[in-house]
Amino acid sequence: MLVQMKADLGVRIMARTWAAAAIFVLSWSAALAGETPAAPHAYLYIGWPNDGEVVAAGKPFKVWFGLRDMGVAPKDVKLPNTGHHHLLIDTPLPPADKEIPSDRNHLHFGAGETETMIELPPGKHTLQLLMGDDKHIPHNPPIFSKKITITVK
Amino acid sequence: MPRLAILVAVSAACLSMNAAYAQRSPAPENAEVYIIWPRNGTVVQGGKFWLRMGLRNMGVAPKGVERQNTGHHHVLIDTDLPAMDKEIPNDRNHLHFGAGETEARIELPPGKHTLQLLLGDHNHVPHDPPVMSKKITITVK
Numbered sequence: 001m002l003v004q005m006k007a008d009l010g011v012r013i014m015a016r017t018w019a020a021a022a023i024f025v026l027s028w029s030a031a032l033a034g035e036t037p038a039a040p041h042a043y044l045y046i047g048w049p050n051d052g053e054v055v056a057a058g059k060p061f062k063v064w065f066g067l068r069d070m071g072v073a074p075k076d077v078k079l080p081n082t083g084h085h086h087l088l089i090d091t092p093l094p095p096a097d098k099e100i101p102s103d104r105n106h107l108h109f110g111a112g113e114t115e116t117m118i119e120l121p122p123g124k125h126t127l128q129l130l131m132g133d134d135k136h137i138p139h140n141p142p143i144f145s146k147k148i149t150i151t152v153k
Numbered sequence: 001m002p003r004l005a006i007l008v009a010v011s012a013a014c015l016s017m018n019a020a021y022a023q024r025s026p027a028p029e030n031a032e033v034y035i036i037w038p039r040n041g042t043v044v045q046g047g048k049f050w051l052r053m054g055l056r057n058m059g060v061a062p063k064g065v066e067r068q069n070t071g072h073h074h075v076l077i078d079t080d081l082p083a084m085d086k087e088i089p090n091d092r093n094h095l096h097f098g099a100g101e102t103e104a105r106i107e108l109p110p111g112k113h114t115l116q117l118l119l120g121d122h123n124h125v126p127h128d129p130p131v132m133s134k135k136i137t138i139t140v141k
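Which chain is which? The protein sequence lines are A and B, in order. All residue numbers for the first sequence refer to our numbering, where the first residue is 1 and numbers rise by one. All residue numbers for the second sequence refer to our numbering, where the first residue is 1 and numbers rise by one.
Bound-form chain A, shown alone (with noise of 0.2 Å):
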């Protein structure tokens, strides 16, 4: 009897902490997403180049954004399941409930641009998409591409 008490005390204590920390998950990722939900089922990917694809140095190659099921819209433009492009190259994912950082590592393309072209020293550069809502903070939850490795030589 007394067993079974103690069994079902701690059972409630695991309970109550495993709330707990749901709770603490649940409040933490909210503090560190964007307040713009992402489209359901949304889906961003580099569509060239590909993972491991060696591109020639000295000039520059095309870089072209997939998205799927979701629109793109220019910066500035608040409207539902939509957002534009980020292209992160050499660093990772940025934090996700503030403005995305503009600068060589982070390019913006707030004109609604669906690809570019970028030019990189020789040597091994990753390459990301991630999608920025339209005051650029990335979406709840963020909707990001494959990391790809690419070559210049």
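Source of the hints: derived by calculation from the structure; they are not laboratory data. Heads up, some of the hints might be wrong.
In the EDC-like style, the derived pairs of lysine to aspartate or glutamate whose C-alpha atoms are separated by at most 20 Å in a straight line are [stated by the list, open to error]: (1) B:K63 <-> A:D134; (2) A:K147 <-> A:E53; (3) B:K48 <-> A:D69; (4) A:K75 <-> B:E66; (5) B:K63 <-> A:D76; (6) B:K134 <-> B:E32; (7) A:K78 <-> A:E35; (8) A:K75 <-> A:E99; (9) A:K135 <-> B:E66; (10) A:K78 <-> B:E66; (11) A:K135 <-> A:D76; (12) B:K134 <-> A:E115; (13) B:K63 <-> A:D69; (14) A:K62 <-> B:E32.
Here are some, though not all, of the chain B residues that point toward chain A, as calculated from beta-carbon distances under 10 Å [said to hold, decoys possible]: (15) W37; (16) W50; (17) R52; (18) M53; (19) G54; (20) L55; (21) N57; (22) V60; (23) A61; (24) V65; (25) Q68; (26) G71; (27) H72; (28) A99; (29) T102.
Across the chosen pairs, the derived CB separations fall in these ranges [claimed, not checked]: (30) B:T79 <-> A:P95: 46 to 52 Å; (31) B:K134 <-> A:N50: 23 to 29 Å; (32) A:V54 <-> B:R39: 20 to 26 Å; (33) B:P109 <-> A:P95: 47 to 53 Å; (34) A:E99 <-> B:D78: 41 to 47 Å; (35) B:K112 <-> A:D97: 47 to 53 Å; (36) A:P92 <-> B:R39: 32 to 38 Å.
None of these values were measured; they are calculated from a predicted model. Ideal Cβ positions, reconstructed from N, Cα and C, are used throughout, including at glycine.
For this one, chain A is given, so just place chain B on it according to the hints.
Below, chain B alone, put in the same frame as chain A:
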């Protein structure tokens, strides 16, 4: 005085002419829309395929969004180009992608089909000059 009247009349005419032209949005000369996939001559098995729409030197904006050098995709299926100074028709042969889509799942019956992209402005009217792709032919088996 009559001279002034003529001047006023001429400038009014010019203004109204400008207004008529203004209904078409200007497009950059180097803007180019093209079909990334399928390629010309592709044989599609099963009838369903992803149409990937490519655009150079211009941006995509959903319908109703008036922004310079932007537009939204329309795919013309088994049809010739529509009138360039009117809204692109909206039917089975003219699909609109007013939500800013750059890819679409298309299903066509077996046989030969033509596909062509035509960009429309915020009012679905082709730009000036019109931004259109090459017309391709695919076969559905």
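The hints, checked one at a time:
For the hint linking K63 of chain B to D134 of chain A, the alpha-carbon distance of about 16 Å falls within 20 Å, and the restraint holds. The hinted pair formed by K147 of chain A and E53 of chain A meets the criterion: a straight-line CA distance of about 13 Å does not exceed 20 Å. Under the criterion of a C-alpha separation no larger than 20 Å, the hint pairing K48 of chain B with D69 of chain A is consistent with the structure, at around 16 Å. Pair hint K75 of chain A plus E66 of chain B holds up; C-alpha atoms about 12 Å apart against a cutoff of 20 Å.
With a CA separation close to 15 Å, the supplied pair K63 of chain B and D76 of chain A stays within the 20 Å bound. Only pairs whose Cα atoms come within 20 Å are accepted, and K134 of chain B paired with E32 of chain B is accepted, the gap being roughly 10 Å. Of the pairs offered as hints, the one joining K78 of chain A and E35 of chain A holds, with about 12 Å between alpha carbons and a cut-off of 20 Å not exceeded. At most 20 Å may separate the alpha-carbon atoms for a hinted pair to count; K75 of chain A and E99 of chain A meet this at roughly 12 Å.
For the given pair, K135 of chain A sits about 18 Å from E66 of chain B by alpha-carbon distance, which is consistent with the 20 Å threshold. A C-alpha spacing of about 13 Å is found between K78 of chain A and E66 of chain B, which places the hinted pair at or below 20 Å, so the restraint holds. A C-alpha spacing of about 6 Å is found between K135 of chain A and D76 of chain A, which places the hinted pair at or below 20 Å, so the restraint holds. Using a Cα cut-off of 20 Å, the hinted pair K134 of chain B and E115 of chain A holds, with the two alpha carbons roughly 19 Å apart.
A threshold of 20 Å between alpha carbons decides the hint, and for K63 of chain B with D69 of chain A the separation of about 17 Å falls inside it, so the pair holds. Between K62 of chain A and E32 of chain B the alpha-carbon distance is near 14 Å, which keeps this suggested pair within the 20 Å criterion. Checking W37 of chain B against chain A: minimum C-beta separation of about 9 Å stays under 10 Å; hint holds. Contact between W50 of chain B and chain A, as hinted, is supported at the beta carbon level, the nearest pair being about 8 Å apart and thus within 10 Å.
The beta carbon of R52 of chain B comes within 7 Å of a beta carbon in chain A, closer than 10 Å, and the hint placing it at the interface holds. A least Cβ separation of about 8 Å between M53 of chain B and chain A falls short of the 10 Å threshold, and the interface hint therefore holds. Here the hint on G54 of chain B is kept, as its CB sits about 6 Å from the closest CB of chain A, short of 10 Å. Hint status for L55 of chain B relative to chain A: holds, with the closest Cβ pair at about 5 Å, below 10 Å.
The beta carbon of N57 of chain B comes within 9 Å of a beta carbon in chain A, closer than 10 Å, and the hint placing it at the interface holds. Taken as an interface hint, V60 of chain B checks out: its beta carbon lies about 4 Å from the nearest beta carbon of chain A, inside 10 Å. About 5 Å separates the beta-carbon of A61 of chain B from the nearest beta-carbon of chain A, less than 10 Å, and the hint is met. Contact between V65 of chain B and chain A, as hinted, is supported at the beta carbon level, the nearest pair being about 5 Å apart and thus within 10 Å.
Of the supplied interface hints, the one on Q68 of chain B holds, with its beta-carbon coming within about 9 Å of a beta-carbon of chain A, less than 10 Å. Given hint, G71 of chain B at the interface with chain A, holds; its Cβ is 9 Å from that chain's nearest Cβ, closer than 10 Å. Given hint, H72 of chain B at the interface with chain A, holds; its Cβ is 8 Å from that chain's nearest Cβ, closer than 10 Å. For A99 of chain B, the interface hint holds, the least distance from its beta-carbon to any beta-carbon of chain A being 4 Å, beneath 10 Å.
Taken as an interface hint, T102 of chain B checks out: its beta carbon lies about 5 Å from the nearest beta carbon of chain A, inside 10 Å. Look at T79 of chain B against P95 of chain A: about 48 Å separates their beta carbons, and that is inside 46 to 52 Å. Between K134 of chain B and N50 of chain A the CB atoms are about 24 Å apart, so this pair conforms to the stated range of 23 to 29 Å. Checked against the hint of 20 to 26 Å, the C-beta distance between V54 of chain A and R39 of chain B comes to roughly 23 Å, which is consistent with it.
For P109 of chain B and P95 of chain A, the hinted distance range of 47 to 53 Å is satisfied, since their beta carbons lie about 49 Å from each other. In this structure the hint that E99 of chain A and D78 of chain B lie 41 to 47 Å apart at CB holds, the actual value being about 45 Å. Take K112 of chain B and D97 of chain A: their Cβ atoms lie about 51 Å apart, and the range 47 to 53 Å holds. In this structure the hint that P92 of chain A and R39 of chain B lie 32 to 38 Å apart at CB holds, the actual value being about 35 Å.
Consistency with the previously given hints is maintained throughout, with no hint failing.
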